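Colleague: Here the protein sequences come in this chain order: Z and L. Counting in the working numbering, the first sequence runs without a single skipped number right up to 516 at its last residue. Counting in the working numbering, the second sequence runs without a single skipped number right up to 466 at its last residue.
Where hints are given, some of them may not hold.
[Claimed, not checked] Straight-line Cα separation of at most 25 Å, SDA-like style, residue types lysine to any residue; simulated pairs:
| # | chain 1 | residue 1 | chain 2 | residue 2 |
| --- | --- | --- | --- | --- |
| 1 | Z | Lys408 | Z | Ile374 |
| 2 | Z | Lys334 | L | Gly462 |
| 3 | L | Lys331 | Z | Pro304 |
| 4 | Z | Lys437 | L | Ser97 |
| 5 | Z | Lys261 | Z | Arg327 |
| 6 | Z | Lys408 | Z | Leu454 |
| 7 | Z | Lys261 | Z | Pro320 |
| 8 | L | Lys438 | L | Ala198 |
| 9 | Z | Lys437 | L | Gly462 |
| 10 | Z | Lys417 | L | Ala463 |
| 11 | Z | Lys437 | L | Ser425 |
| 12 | Z | Lys334 | L | Ala460 |
| 13 | L | Lys180 | L | Arg250 |
| 14 | Z | Lys417 | L | Pro321 |
| 15 | Z | Lys437 | L | Ala460 |
| 16 | L | Lys309 | L | Gly213 |
| 17 | L | Lys331 | L | Leu185 |
| 18 | Z | Lys437 | L | Ala299 |
| 19 | L | Lys309 | L | Leu260 |
| 20 | L | Lys180 | Z | Arg287 |
| 21 | Z | Lys437 | L | Ala463 |
| 22 | L | Lys331 | L | Trp199 |
| 23 | Z | Lys253 | Z | Lys408 |
| 24 | L | Lys180 | L | Tyr151 |
In short, the hints are calculated from the structure, not lab data. Source: prediction; values computed, not measured.
The chain contents come next:
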Amino acid sequence: MKRLLVSLILWLPLVAHAALNVFACEPEWAALAKEIGGDDVKVYAATTALQDPHRIEARPSLIAQMRRANLLVCTGAELEIGWLPVLLQNANNAAVQPGRPGYFEASRVVPLLDKPARLDRAEGDVHAAGNPHIHTDPRNILRVSEALTLRLAEIDPANAAAYRTRSQAFAVRWQAATARWEARAAPLKGLSVATQHKSFPYLLAWLGLREVAVLEPKPGVEPSVGHLARVAVQLQTTPAKMVLRAAYQSPRPADWLAQRAGIPALALPYTVGGNDRAQDLFGLFDDTIDQLLKAAP
Amino acid sequence: MLRPTFLLAALTVALPAYAGNDLDALRAELREMKAAYESRIQALEARLQQTEAHTAAAAALADTVVHQAAEATPAGNRLNPDISLILQGRYSHLDDVEHRAITGFLPAGHGHGASRGFSLDHTELVMSASIDPYFRGYFNLALLDEEIEIEEAWFQTTGLGNGFSLKGGRFLSGLGYQNEQHPHAWDFADNSLMYRALFGEAYGNDGVQLKWVAPTELFMEFGAEAGRGANFPGTDRNKNGAGSHVLFGHVGGDVGASNSWRAGLSYLTTQASERDGELEDLDGVAAETLFSGRSKAWVADFVWKWAPSGNAAEQNFKFATEYFRRTESGTLACDDLDPLDPSRCSGGSTGDYQSTQSGFYAQGVYQFMPRWRTGYRYDRLDPGAVDFGLNSVNLPVTDYAPTRHSLMLDYSPSEFSRLRLQYSKDQSMEGGRENQWFVQVIHSLGAHGAHTF
Numbered sequence: 220m221k222r223l224l225v226s227l228i229l230w231l232p233l234v235a236h237a238a239l240n241v242f243a244c245e246p247e248w249a250a251l252a253k254e255i256g257g258d259d260v261k262v263y264a265a266t267t268a269l270q271d272p273h274r275i276e277a278r279p280s281l282i283a284q285m286r287r288a289n290l291l292v293c294t295g296a297e298l299e300i301g302w303l304p305v306l307l308q309n310a311n312n313a314a315v316q317p318g319r320p321g322y323f324e325a326s327r328v329v330p331l332l333d334k335p336a337r338l339d340r341a342e343g344d345v346h347a348a349g350n351p352h353i354h355t356d357p358r359n360i361l362r363v364s365e366a367l368t369l370r371l372a373e374i375d376p377a378n379a380a381a382y383r384t385r386s387q388a389f390a391v392r393w394q395a396a397t398a399r400w401e402a403r404a405a406p407l408k409g410l411s412v413a414t415q416h417k418s419f420p421y422l423l424a425w426l427g428l429r430e431v432a433v434l435e436p437k438p439g440v441e442p443s444v445g446h447l448a449r450v451a452v453q454l455q456t457t458p459a460k461m462v463l464r465a466a467y468q469s470p471r472p473a474d475w476l477a478q479r480a481g482i483p484a485l486a487l488p489y490t491v492g493g494n495d496r497a498q499d500l501f502g503l504f505d506d507t508i509d510q511l512l513k514a515a516p
Numbered sequence: 014m015l016r017p018t019f020l021l022a023a024l025t026v027a028l029p030a031y032a033g034n035d036l037d038a039l040r041a042e043l044r045e046m047k048a049a050y051e052s053r054i055q056a057l058e059a060r061l062q063q064t065e066a067h068t069a070a071a072a073a074l075a076d077t078v079v080h081q082a083a084e085a086t087p088a089g090n091r092l093n094p095d096i097s098l099i100l101q102g103r104y105s106h107l108d109d110v111e112h113r114a115i116t117g118f119l120p121a122g123h124g125h126g127a128s129r130g131f132s133l134d135h136t137e138l139v140m141s142a143s144i145d146p147y148f149r150g151y152f153n154l155a156l157l158d159e160e161i162e163i164e165e166a167w168f169q170t171t172g173l174g175n176g177f178s179l180k181g182g183r184f185l186s187g188l189g190y191q192n193e194q195h196p197h198a199w200d201f202a203d204n205s206l207m208y209r210a211l212f213g214e215a216y217g218n219d220g221v222q223l224k225w226v227a228p229t230e231l232f233m234e235f236g237a238e239a240g241r242g243a244n245f246p247g248t249d250r251n252k253n254g255a256g257s258h259v260l261f262g263h264v265g266g267d268v269g270a271s272n273s274w275r276a277g278l279s280y281l282t283t284q285a286s287e288r289d290g291e292l293e294d295l296d297g298v299a300a301e302t303l304f305s306g307r308s309k310a311w312v313a314d315f316v317w318k319w320a321p322s323g324n325a326a327e328q329n330f331k332f333a334t335e336y337f338r339r340t341e342s343g344t345l346a347c348d349d350l351d352p353l354d355p356s357r358c359s360g361g362s363t364g365d366y367q368s369t370q371s372g373f374y375a376q377g378v379y380q381f382m383p384r385w386r387t388g389y390r391y392d393r394l395d396p397g398a399v400d401f402g403l404n405s406v407n408l409p410v411t412d413y414a415p416t417r418h419s420l421m422l423d424y425s426p427s428e429f430s431r432l433r434l435q436y437s438k439d440q441s442m443e444g445g446r447e448n449q450w451f452v453q454v455i456h457s458l459g460a461h462g463a464h465t466f
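Go ahead and model the full structure; you've got the sequences and the hints to work with.
Modeller: Below you can see the structure in the form of structure tokens.
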């Protein structure tokens, strides 16, 4: 008993100074948590830019990480519905259950696009709340950063001031960068594009691009050759200037259509880590805008 | 768009009538007309774009309003439980076997005779929801003609803290790997021989389960269960206290981004009293057996999954294997099953009973392209050492090792539907070598199910 007490006392200072464990469902929120949390947080990214966030295995390693988490930062809007509930049920971590301060959903603070008019599985993998790929608009990142700062301050009041300072510095840099991106991307306005999956409605809405075709017949349904041929015919009457896909998606459908239509196919990083240049949130948008400008006629 | 084309066509037809200067004049006129139309089209396009922009802005505004309205009511409060219904049907091509049993093993529980031809498997109705901030509830009902079975009905704590959770009610035990999976989640159309010999289908229990997940980077969970123990290999009893106990532990982790694994060891101990069974005596006449005593089983499991860069959407591979060793000791009474067909046990005969039996399965399932998977499973059981005591003069001891090879191909148009073709070479009965074919369909309606590792 005495030895236990001594070891407890010895361990206490360590525990008190231990960084807040953040479990980020997607790389973009991991990057954002690092920007705001700095050295006060230890961030674990549950997925990479090369993995489909809709389809993740509820691996034992993820359960172990969730068990240790103080804060969960996920997209929500049913993006993680196929795997997050399993982790939450098996990790036995009361602090991060839905409804607790340790459970943070980014999509709650962002106006969602593409709310389905008809909720029926015949429409494919539809999300009732709207399209969950919110981080492709930098203005949404800023909205989430503000909410996340408040949440971090609530969970870890001792470091609240540090979170606020970092958040403000980030906001200044981010707003300047956003203005820069908007200015650079001005010539892209009105550009017609085709997308493989509805991964980019927020990016397109932000830059004023027009989505004239989607390669997937229904959300989440792999495009067949027959369907792609129909899209190719459709593109003859409503031409697109390029085909966009996320780095994690199969290159085949986009490349096939691009070749058929004689337009470039772009593998946008989609999230942090999607390619060599997209190593942080700034790099993500730098690379995205560069790629679009380079491919634009 | 039709008018200028029509005009042009008409003019082209009329062209040969003109010559020299007339032709030049006509060309100039045409150019003028074309320019005029182009500018009109441009103006129209500009107007269209303007309208589109307005609509988009209005939609964005409406979205914000809707969003704010949604924010006003606390999110995630769906008071209705998630409901899903699982439909399963099959076509089986089997030999006409009157009484299916695994040679050398006492039959486990109620034997669902496999139907030949078209048949409906269990239809499962599943409901789950948060009960309140402290509990979560789950309910699984299996329906078949004239048969309704509550497969699971339990609560689990969500806020116990320190990595603990308590589950209570009727639930599938956390032992082994496949045990917690319902048949619709199996990778093959039928159960592994190991689970058929051990539990019939899976080990379920009425009781409580305490589980602890360690706060380590390596996944570690440990669980203990105490329950009624009414199901095979135990029997129902009229007693206070617990009739069965389970201990299990699992560890797991990743190897790089592409590989993940989980391994476990479990132990089950339960008590049986006059557990009903059926064996053929030394003369091949069916005799009824009643086992009373203790049944203990060890189960080791290992699962390994691979997906390139951890992205299972395109290609992935899964390997799973489990091994068991069961020891039963007590007494075995045997008697005639059919009084008109007297066996060697006629009049009843009770002897000591000791058995140590084991077995395993190993399976690999490979998704070689989106929607398509193929898999192979090998089953093998070892009858081990069986001692019938005084009944050795009545009942046979065999050293036949039941085996089975299964090959399957399945196609999943979406996460909610699956069509499967399976071939098995079944040698689970001594002297029999059966070619089995299955076509199976599984559909899931309603709430989006999340699958465990």
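Colleague: So, for every hint listed, does it hold in this structure?
Modeller: Hint-by-hint comparison with the structure:
At most 25 Å may separate the alpha-carbon atoms for a hinted pair to count; Z:Lys408 and Z:Ile374 exceed this at roughly 42 Å. Of the supplied pair hints, the one linking Z:Lys334 and L:Gly462 holds, its CA atoms being roughly 22 Å apart against a limit of 25 Å. The hinted pair formed by L:Lys331 and Z:Pro304 meets the criterion: a straight-line CA distance of about 22 Å does not exceed 25 Å. For a cut-off of 25 Å, the pair hint linking Z:Lys437 to L:Ser97 stands: about 22 Å separates their Cα positions.
Restraint check for Z:Lys261 and Z:Arg327: the C-alpha separation of about 23 Å stays at or below 25 Å, so the hint holds. Under the criterion of a C-alpha separation no larger than 25 Å, the hint pairing Z:Lys408 with Z:Leu454 is consistent with the structure, at around 19 Å. For a cut-off of 25 Å, the pair hint linking Z:Lys261 to Z:Pro320 stands: about 17 Å separates their Cα positions. Taken as a hint, the L:Lys438 and L:Ala198 pair is honoured in the structure, with Cα atoms around 22 Å apart against an allowance of 25 Å.
Between the alpha carbons of Z:Lys437 and L:Gly462 the distance comes to roughly 20 Å, so the proposed pair stays at or under 25 Å and holds. About 22 Å separates the Cα atoms of Z:Lys417 and L:Ala463, which keeps this hinted pair within 25 Å; it holds. Annotation: proposed proximity of Z:Lys437 to L:Ser425 holds, straight-line Cα distance about 15 Å (limit 25 Å). Annotation: proposed proximity of Z:Lys334 to L:Ala460 holds, straight-line Cα distance about 18 Å (limit 25 Å).
Under the criterion of a C-alpha separation no larger than 25 Å, the hint pairing L:Lys180 with L:Arg250 is consistent with the structure, at around 22 Å. Taken as a hint, the Z:Lys417 and L:Pro321 pair is honoured in the structure, with Cα atoms around 23 Å apart against an allowance of 25 Å. Taking the CA atoms of Z:Lys437 and L:Ala460, the gap is near 19 Å; set against the 25 Å cutoff, the hint holds. Using a Cα cut-off of 25 Å, the hinted pair L:Lys309 and L:Gly213 holds, with the two alpha carbons roughly 16 Å apart.
A threshold of 25 Å between alpha carbons decides the hint, and for L:Lys331 with L:Leu185 the separation of about 23 Å falls inside it, so the pair holds. Among the hinted pairs, Z:Lys437 with L:Ala299 is inconsistent with the structure: their alpha-carbon atoms are about 58 Å apart, more than 25 Å. Between L:Lys309 and L:Leu260, the direct Cα distance comes to roughly 12 Å. Compliance with the 25 Å bound is thereby established for this hinted pair. With a C-alpha separation of about 21 Å, the suggested pairing of L:Lys180 with Z:Arg287 holds against the 25 Å cut-off.
For the given pair, Z:Lys437 sits about 21 Å from L:Ala463 by alpha-carbon distance, which is consistent with the 25 Å threshold. Between L:Lys331 and L:Trp199 the CA atoms are separated by roughly 12 Å; this keeps the pair inside 25 Å, and the hint holds. Simply put, Z:Lys253 and Z:Lys408 have alpha-carbon atoms about 32 Å apart, too far for the 25 Å limit, and the pair is violated. A threshold of 25 Å between alpha carbons decides the hint, and for L:Lys180 with L:Tyr151 the separation of about 10 Å falls inside it, so the pair holds.
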